[in-house]
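Participant: Spelled out from the first residue to the last, the chains are:
There are 2 protein chains.
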Amino acid sequence: MTPTITAFEQSPDRGRGLARDMRVRWALEEVGQPYDVRLVSFKEMKEPAHRALHPFGQIPTYEEGDLALFESGAIVFHLAERHAGLLPEDANARARAITWMFAALNTVEPPILERESAILVERNKPWHAERLPMLEDRVRARLGALSSRLGDADWLDGAFSAGDLMMVMVLRRLDGAAVLNEYPNLCAYVARGEARPAYQRAFAAQLAVFSSRVPAAR
Amino acid sequence: MTPTITAFEQSPDRGRGLARDMRVRWALEEVGQPYDVRLVSFKEMKEPAHRALHPFGQIPTYEEGDLALFESGAIVFHLAERHAGLLPEDANARARAITWMFAALNTVEPPILERESAILVERNKPWHAERLPMLEDRVRARLGALSSRLGDADWLDGAFSAGDLMMVMVLRRLDGAAVLNEYPNLCAYVARGEARPAYQRAFAAQLAVFSSRVPAAR
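Taken in sequence, the protein lines are chains A and B. So the first sequence is numbered by the numbering used here: it starts at 1 and just counts up by one. So the second sequence is numbered by the numbering used here: it starts at 219 and just counts up by one.
A hint or two may mislead.
[Stated by the list, open to error] According to the in silico footprint, chain A covers these stretches of chain B (three or more CB under 8 Å from chain A):
1. 264-274
2. 310-322
3. 364-378
[Said to hold, decoys possible] A short list of chain B residues far from chain A (calculated; beta carbon distances all over 10 Å):
4. 232
5. 253
6. 254
7. 256
8. 301
9. 337
10. 342
11. 360
12. 395
13. 398
14. 401
15. 411
16. 429
FYI, nobody ran anything at the bench for these hints, they're computed from the structure. C-beta: ideal position from N, C-alpha, C; glycine also.
Start from the sequences, fold in the hints, and give me the full structure.
Facilitator: Here's what the structure looks like:
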């Protein structure tokens, strides 16, 4: 049965692949699972029909027969559990890969989102110039620790896993910010993720939604 | 083999059970798994020996034979996967319970932590009075959606699960803030979690660390 995911009808990032459907698309491509996409408008996302699928009125969702899931982390985990390719077979290595999924979403992403949210929502507030460096220091605390752990390895724990997929996507939310460039091994890590054929197929698919609907800016 | 977790040597919350070892203690009690605790100081948490266990220099960690994990979400999931009692047997219900774990940690907790962090770190900044209501509105957006989904049910999806454990703990981080009281069904939900015998055993265990070390404040 082909699963259906939801994604933004109008991409707020203009197809840069920062929305959370990209995480799910990438996982689907890694495991070779074809999928359908239903696009939802910002208005539809907050209506009861979509809220029944996603209580918080966001994307992505995942429908497969009588199963309906939300939360990109949970959907990627579901795919990783049911298909080969995203979690190691060894039980301890598998538990460690899952740990990196949670670390990406609960330890590394929050300060990155806090910084992003300040730039989006508070950039015209009188305090923004003083707060932004505080927020970047909080991001640095996480990136520094991550950079030390990664060292010169290709991936966080042995072979590429769902933990790397999630961490690369979380780091991509920095969207080329100077603070990421302070950690060359993390930049190389993100680039390794982006170079994977499955990533590239997923990226092209989410970009196509945008480029097919909005004329190119001049 | 008895697993060992780490917890704060000096509880920053004075034993109110808000630190993340409480999530793991509760899960261990729910599944009936005895455990040892190694207390770490703030200084030790940032040293290489602890960083080898937890790259971000935090608690809790989990050691069981040759397996070492960090991230409370990952540890609770590990316990839920290996013991009965925290995840349903039905595959779809299990996937939905895991979804609620991710929703607690990646959708509901971030705005709650952002509010907490502002109160801890920015309360003397000139912008705090104007920012705090903005942060509380972000918390309300999540609590309102969660409250609507929960309705008058006891738990988020059928029987109590690791998803409820994580969500109750995340809501407890609001630590009785007025914003939580706006949602009586969420207050009752937290109280139901706190009333569970396993919760109470875990709470007493974390409180004992504090009350055995620090004289009562007068």
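Participant: Hint by hint, say whether it matches the structure.
Facilitator: For each hint, the structure was consulted:
1. Taking a C-beta to C-beta cut-off of 8 Å, the segment 264-274 of chain B contributes 3 residues in contact with chain A, enough for the three needed, and the coverage statement holds.
2. Only residues whose beta carbon comes within less than 8 Å of a beta carbon in chain A count, and the segment 310-322 of chain B has 8; three or more means the coverage holds.
3. Beta-carbon proximity to chain A at under 8 Å applies to 3 residues in the segment 364-378 of chain B; the threshold of 3 is reached and the given coverage holds.
4. Every CB of chain A is more than 10 Å from the CB of residue 232 of chain B (nearest about 24 Å), matching its label as outside the interface.
5. Non-interface call for residue 253 of chain B relative to chain A: holds, since the shortest CB-CB distance, roughly 16 Å, exceeds 10 Å.
6. No beta-carbon of chain A is positioned within 10 Å of the beta-carbon of residue 254 of chain B; the least distance is around 19 Å.
7. No Cβ of chain A approaches the Cβ of residue 256 of chain B within 10 Å, the least distance being about 18 Å, so the stated non-interface status holds.
8. Distance check on residue 301 of chain B: its Cβ is at least 14 Å (rounded) from any Cβ of chain A, clearing the 10 Å threshold; non-interface status holds.
9. For residue 337 of chain B, the condition that its CB be more than 10 Å from all CB atoms of chain A holds, with the nearest at approximately 14 Å.
10. Look at residue 342 of chain B: its CB is around 13 Å from the nearest CB on chain A, clear of 10 Å, so calling it non-interface holds up.
11. Not every beta carbon of chain A lies more than 10 Å from that of residue 360 of chain B, the smallest distance being close to 7 Å; the non-interface claim is violated.
12. Interface exclusion of residue 395 of chain B from chain A stands, the closest Cβ pair being 18 Å apart, more than 10 Å.
13. Non-interface call for residue 398 of chain B relative to chain A: holds, since the shortest CB-CB distance, roughly 17 Å, exceeds 10 Å.
14. With a least beta-carbon separation of about 14 Å from chain A, residue 401 of chain B lies farther than 10 Å from that chain, consistent with its non-interface assignment.
15. With a cut of 10 Å on Cβ distances, residue 411 of chain B stays outside the contact zone with chain A, its closest approach being about 18 Å.
16. The claim that residue 429 of chain B is not at the interface with chain A holds, since no C-beta of that chain comes within 10 Å of its own (minimum 29 Å).
In terms of the numbered hints stated before, the structure departs from hint 11 and from no other.
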